[in-house]
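J.: Since the structure of chain X is provided, determine the placement of chains R, L and C with the ligands on it from the hints.
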Amino acid sequence: MQTTTGDDADYRLRCLKQMLRIRLVEETIAERYAEQEMRCPVHLSIGQEASAVGVCDALMSDDRLFSSHRSHAHYLAKGGNLKAMMAEIYGKRDGCIGGRGGSMHLMDPDAGMMASIPIVASSIPLATGTALSDKFDNNGKVTVSFLGDACLEEGVFHESANFAKLRGLPIVYVCENNLYSVYTNLADRQPDRPLTDIPAAHGIEHRHVDGNDLEAVRKAALWAVETARSGNPTFLQLDTYRWREHCGPNYDNHIGYRTEEEFQIWRARDPLERYRKMLEESGTLAPASFAGLEKDIQAEVNGAFAFAIDSPLPEPTEALAHVYA
Amino acid sequence: MQTTTGDDADYRLRCLKQMLRIRLVEETIAERYAEQEMRCPVHLSIGQEASAVGVCDALMSDDRLFSSHRSHAHYLAKGGNLKAMMAEIYGKRDGCIGGRGGSMHLMDPDAGMMASIPIVASSIPLATGTALSDKFDNNGKVTVSFLGDACLEEGVFHESANFAKLRGLPIVYVCENNLYSVYTNLADRQPDRPLTDIPAAHGIEHRHVDGNDLEAVRKAALWAVETARSGNPTFLQLDTYRWREHCGPNYDNHIGYRTEEEFQIWRARDPLERYRKMLEESGTLAPASFAGLEKDIQAEVNGAFAFAIDSPLPEPTEALAHVYA
Amino acid sequence: MSMPETTSAPGAPVINMGTAIRDGLLEAARRDPSVIFFGEGVEDPAALFGTLKDIGKQIGHDRMIEMPIAENGLIGIAIGAAMAGKRPVVSLQRVEFALLALEQILNNAAKTHYVSNGRHNVPLVLRMIVGRGWGQGPEHSQSMEAIFAHVPGLKVIMPAFAEDAKGMIAAAVEDDNPVVVIEHRWSHYTTSPVAEGYVHRPLDGPRTVREGDGLTIVATSYMTLEAVRAADKLAEAGHPVEVLDLRVIRPLNLDPIVESVARTGRLLTVDTGFRMFGIGAEIASEVTSRCFDLLDAAPVRLGLPDHPTPSSRGLVKGFYPDATRIARTAAEMMGLDDAKISAIEEDILAARKDIPLDVPDPFFKGPF
Amino acid sequence: MSMPETTSAPGAPVINMGTAIRDGLLEAARRDPSVIFFGEGVEDPAALFGTLKDIGKQIGHDRMIEMPIAENGLIGIAIGAAMAGKRPVVSLQRVEFALLALEQILNNAAKTHYVSNGRHNVPLVLRMIVGRGWGQGPEHSQSMEAIFAHVPGLKVIMPAFAEDAKGMIAAAVEDDNPVVVIEHRWSHYTTSPVAEGYVHRPLDGPRTVREGDGLTIVATSYMTLEAVRAADKLAEAGHPVEVLDLRVIRPLNLDPIVESVARTGRLLTVDTGFRMFGIGAEIASEVTSRCFDLLDAAPVRLGLPDHPTPSSRGLVKGFYPDATRIARTAAEMMGLDDAKISAIEEDILAARKDIPLDVPDPFFKGPF
Ligand SMILES: Cc1ncc(C[n+]2csc(CCOP(=O)(O)OP(=O)(O)O)c2C)c(N)n1
Ligand SMILES: Cc1ncc(C[n+]2csc(CCOP(=O)(O)OP(=O)(O)O)c2C)c(N)n1
Ligand SMILES: [Mg+2]
Ligand SMILES: [Mg+2]
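Protein chains in written order, with the working numbering: chain X, 17 to 341; chain R, 17 to 341; chain L, 19 to 386; chain C, 19 to 386.
The reader is advised that the hints may include incorrect statements.
To be verified - Listing some non-contacts, in silico: residues in chain X with all C-beta distances to chain L over 10 Å: (1) M76; (2) G114; (3) R116; (4) G117; (5) G145; (6) D204; (7) W239; (8) A315.
To be verified - Here are the simulated lysine-lysine pairs, BS3-like style, with alpha carbons at most 27 Å apart: (9) R/K99 to L/K335; (10) X/K151 to X/K99; (11) X/K99 to X/K33; (12) L/K335 to X/K151; (13) R/K151 to C/K71; (14) R/K151 to R/K99; (15) X/K151 to L/K75; (16) R/K33 to R/K293; (17) C/K335 to X/K99; (18) R/K151 to C/K75.
To be verified - Covered by chain X, per the in silico footprint, the following chain C stretches (three or more residues, Cβ under 8 Å): (19) 49-62; (20) 150-159; (21) 272-279; (22) 319-328; (23) 346-353.
FYI, nobody ran anything at the bench for these hints, they're computed from the structure.
Small disclaimer: the values here were computed from a predicted structure and weren't measured.
By construction, the Cβ of each residue, glycine as well, lies at the ideal position given by its N, Cα and C atoms.
So here's chain X without its partners, still in its complex pose:
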């Protein structure tokens, strides 16, 4: 998140660390999932970190974000509390919502991470609604609505986009196109035309960039966020790829819905590795310092897991609270 308006090196290191942190959190989840202590479905974003980080780095801390079932990266990039996230995934009392939702419902309203909703596209109108409210209040906030490629198929996206343009709402729709909905390729769900024809049909300005290129994402996001802040909703298409199975910790390229070859092409476009190289080559990152970063962040991550594991399970009676406000 854009907390200071530092110089280029600042944001670059910040973004690198942020991507690395997300990667290490999710790799650790993947590693420990088989212990069967994280007892909820998990949808990992490994391979997609640049979109979350590049977009969120263009946001202020009180801007808002809504996410979907695949919310870990968004939550962390927006500044959500890591310990509370892990405790939530472990179903513990110290979870960000006390264990009520698990991985698919992560939120941290204090950080502007408003909600994650696991019904496809269901958070899109909510995001459009906070943008409407913020426009009323003229408070300068922008809302980002992260959505997958499948969301363009759900009518509610169109209903929301039509309204956002009609009212000039401060919202950025960020489509992370990872080519799949579960096991189904985009080509089997949508006709062959540019995805950006969809926002265009609603009169919404849009950019389409490489979602694995942190710099490209961040630049497009800065444009999108500032355009939205001035009352013009925007749309970003970020092409990326999820490395692991749709839901769960494993690789699944062998089961037949996509090829190992396709995966390897995208693996080679690893947004983290690519950015690390770039920063090393440009001298922003000292050659040996990445390992140090990794070590420090992994220590933080391990601490968060330890915190989650130590946190107590909530008591059944706690389930009765908060049905009504």
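T.: Below, chains R, L and C with the ligands without anything else, positioned relative to chain X:
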């Protein structure tokens, strides 16, 4: 309906008569509605006849059509039985569906008039579904889905259009843009961009023509229907105007949502009068014969009303039938 | 016939329930600038059957949000606005239009407070109108409160009387939860004296509108009016029964009903929805479990028969429960003899004259 | 523990309910070329929890229609295809996804045959799966049969046993009406011998799966398995009770239940949905009205408590009715003393060992 492949004079007279017949049926409804014997909401299409007639004249009798709350013109143009329609509006046993639905649910499956559904946009996926079935059966049928401008706001239109293009379905989406949804102008519901950007976003070929020009509509419809028949869904935007109130028999230009002036501009574009003039000027219609047509058709219309009035009300016990097949 | 409305302001002007709702909404909106209105035609000449009339003129047109015809999206947007601190009031011309938005309503509106562990509130009012009569037919006249009533996290209210509706709608707007308000078109016409200015009626449960020991009738919405009419005729015939206007379907407060049935030993429910798997079943079954030993007979439920609503006035004859049917059912439950029951029925029918079935009976319009 | 499955073919192979459903669908599709399948991932490696496995390979991939993620549109399209003579089977991974399509289901699917005065049929199967367990949480585990059950024109079935499911799914495909099939993920794991080839089980109502005179338990779907387990322990303790698997929620055939309650004098319902305004209310209330004088006590309903389903295994403890709760409730209704009840409870718990709460108990997987 295109029953014979006659020469130009044939279709021209056929279309003129068809428009006149629809006009006279609806004017008679408007005239007699105050008698309070047609006890259901009625949505008249007076002023919009060219779109129904021009499109349906491009169809074969076993092609299919789905309509909405404003279904009278579509029903008649598709060859629906007039007596059964009037009996339905009068709530009588001889109604096309025995009085179960009234004006908003007109259907005549034998004529390919599959259904009218009064929930906005709700018939669009049904139409897409018969097109899917017909494609399976490779039976050469086309389905026409009539929709109002407001339907472009409902998500289900987008969901249907995406699928129609994806599967290459034989369907024509016909958007009758009469500028209003009830009392609300298009500009208050959708951003300012061509409506045809919407089908374009779904990769669907489209034409935009004057919906009050029978020849233009028919020509566009012939293209749309034949393109659809070959497995390419199409979209027509037909600009037109409803003369009377949204629901009911009266004029309502004085109540403030639109101007008398706007109405007069469209009144001057009366599709029926315009076509009559054209046919008279081109010699297709003998100067004095229009009055004769009017007289003959009015007699038929009066007969249909008499039939409806004479038909008995259904018995309450009949309401128990057909809950399950 | 006088309505069981003990107005808080004797001599207050007599208005109908539709107007009272409009006044209640306006008062609530005046007191809190975060109240905003969504509707299809929110400021059009019809103003949602007059229930939003001139509100924009009074509080500012910017607070009146015209909805494109996109119920799922726009209700989701209203929920989002509520999460950000607004108090949106969404008005739908028909209950059926909400069917498009049930994912948003049943998941996001109902559960966000719960799932967020109390971090978010969704102070949202969802008004929807039951469109009975004039051949509205199968898709423009359904009631459907049973669907909303099934879902924890929603509140569901169905006002039947003018002043009560005014106070309940203000309470709904002030409530920090999503409140579904199901208004019957025919209840909109009910008139009674309604206190001017701000009125608040807590969403706390049933209200006794007729007293009697023969039987307990629990009715909802417009059916309360038919029940009152039946009760008045039964009382005239010497058999007073109790009528409770349920008012709040969820959260369901059965205490006053249990208290009444404990006294009368008999329960009759009458509601505006389909009878099967309808709200009467919950009431009957729960009251049975709480008063089993005090019941003289099994509870009886009236509601719509098990088929869609046809349009023709020929077909809807007998479709809706009415005062005669309620009176007959109640009288049979109390063991009255058939001659007496027929006389009561005829009495009711006579008062009704020959008003057609498919338009509201003016009996509930004053004067008082 | 043996399942109450009287297979029509002794010695038939033992398979689970998910596989049996797949076999039933395949048989039905083989017999009628108008059967087509819709699903998100209809031919993907997971094949809707295996329930569509290899069907495309057998009947042709052209009959397997991949659904874009657009439930309202695609279910509407399936309804349209049904009107044109196809028999679409739509499979949804979760009940919740159907919430997006309720306008199409409750209006067009349910009412088209009626509104068309019998001219159109909608022979449609809508399968939806209840996703209990492993922290699925508030929006991936709901059951919601109460919503569908409320709507005339729909049929609603909830199979619990493998062979029965195979026959019922074939009957659903052959039915000329829209049939909502709610399948519980945990019932998918139930195993029993299932006759090979074509099996047809009419959608005609409840089936008695345990006999006894102490009490009548009416259960649905996975809860039938928990009820059977409770019943077996009660029988071992000398208190046999009757268990009826409801199977068909709509149209509701109460005759076998009334017949049983008339004998036992007591009714306990157990279902997979929210208890309030749930399907148990209709059963309890209608059985009360038909057996009032024969009832020894008020019917009791078990179901989910009045809050959304939390994800954490800490919070779901006690959320779902189970064999111990059913046994205790039944035993209390029959007046057993507490020591005896506790012994039965402990017996059940012991059999359960320490299997976590949020995964299916393998007790209902043979061997037999
Ligand atoms: C309305 C709805 N339909 C189906 C699903 C099942 N589902 C869960 S995630 C998912 C994939 C969505 O794909 P996309 O939006 O591209 O996001 P990705 O998983 O690729 O990040 C689907 C279909 C759902 N959760 N909600
Ligand atoms: C889902 C839904 N929302 C709202 C309505 C109320 N309604 C009935 S007709 C209509 C206007 C629709 O406008 P359009 O599609 O342009 O058709 P037109 O009436 O202009 O022919 C509306 C909003 C409805 N019937 N269904
Ligand atoms: Mg994707
Ligand atoms: Mg229009």
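J.: Each hint: holds or not?
T.: Outcome of the hint check:
Every CB of chain L lies more than 10 Å from the CB of X/M76, the least distance being 16 Å, so the non-interface label holds. In this structure X/G114 is not separated from chain L by more than 10 Å, as the shortest Cβ-Cβ distance comes to only about 4 Å. Distance check on X/R116: its Cβ comes as close as 5 Å (rounded) to a Cβ of chain L, failing to clear the 10 Å threshold; non-interface status is violated. Annotated as non-interface, X/G117 brings its C-beta within 10 Å of a C-beta of chain L; the closest such distance is 5 Å.
Distance check for X/G145 against chain L: the nearest CB is about 2 Å away, which does not clear 10 Å, and the non-interface claim fails. At roughly 24 Å, the least C-beta separation between X/D204 and chain L is larger than 10 Å, which holds for a residue marked as non-interface. The Cβ of X/W239 sits about 24 Å from the closest Cβ of chain L, beyond the 10 Å cut-off, so the non-interface label holds. For X/A315, the requirement that its beta carbon stay farther than 10 Å from each beta carbon of chain L is met, with the minimum near 29 Å.
With a C-alpha separation of about 24 Å, the suggested pair R/K99 and L/K335 falls inside the 27 Å cut-off, and the hint holds. The suggested pairing of X/K151 with X/K99 is violated, with an alpha-carbon distance near 33 Å, which exceeds 27 Å. Taking the CA atoms of X/K99 and X/K33, the gap is near 17 Å; set against the 27 Å cutoff, the hint holds. The straight-line distance between the Cα atoms of L/K335 and X/K151 is roughly 51 Å, outside the 27 Å bound, and the hint therefore fails.
Our distance criterion of 27 Å between C-alpha atoms is met by R/K151 and C/K71, whose separation comes to about 25 Å. Annotation: proposed proximity of R/K151 to R/K99 is violated, straight-line Cα distance about 33 Å (limit 27 Å). For the suggested pair X/K151 and L/K75, the alpha carbons sit about 21 Å apart, so the restraint of at most 27 Å is met. A distance of roughly 13 Å separates the Cα atoms of R/K33 and R/K293; the hinted pair therefore holds under the 27 Å criterion.
With a CA separation close to 24 Å, the supplied pair C/K335 and X/K99 stays within the 27 Å bound. Distance hint between R/K151 and C/K75 is fulfilled; the C-alpha atoms sit about 21 Å from each other, no more than 27 Å. With 3 residues having a Cβ less than 8 Å from any Cβ of chain X, the stretch 49-62 of chain C passes the three-residue criterion, so the hint holds. Check on the stretch 150-159 of chain C: 7 of its residues sit with their Cβ under 8 Å from a Cβ of chain X, so the three-residue criterion for coverage holds.
Under the rule that three or more residues need a Cβ within less than 8 Å of chain X, the assignment of the stretch 272-279 of chain C is violated, with 0 such residues. With 5 residues having a Cβ less than 8 Å from any Cβ of chain X, the stretch 319-328 of chain C passes the three-residue criterion, so the hint holds. Note: the stretch 346-353 of chain C has 0 residues with beta-carbon separation from chain X under 8 Å; the three-residue rule is not met and the coverage is violated.
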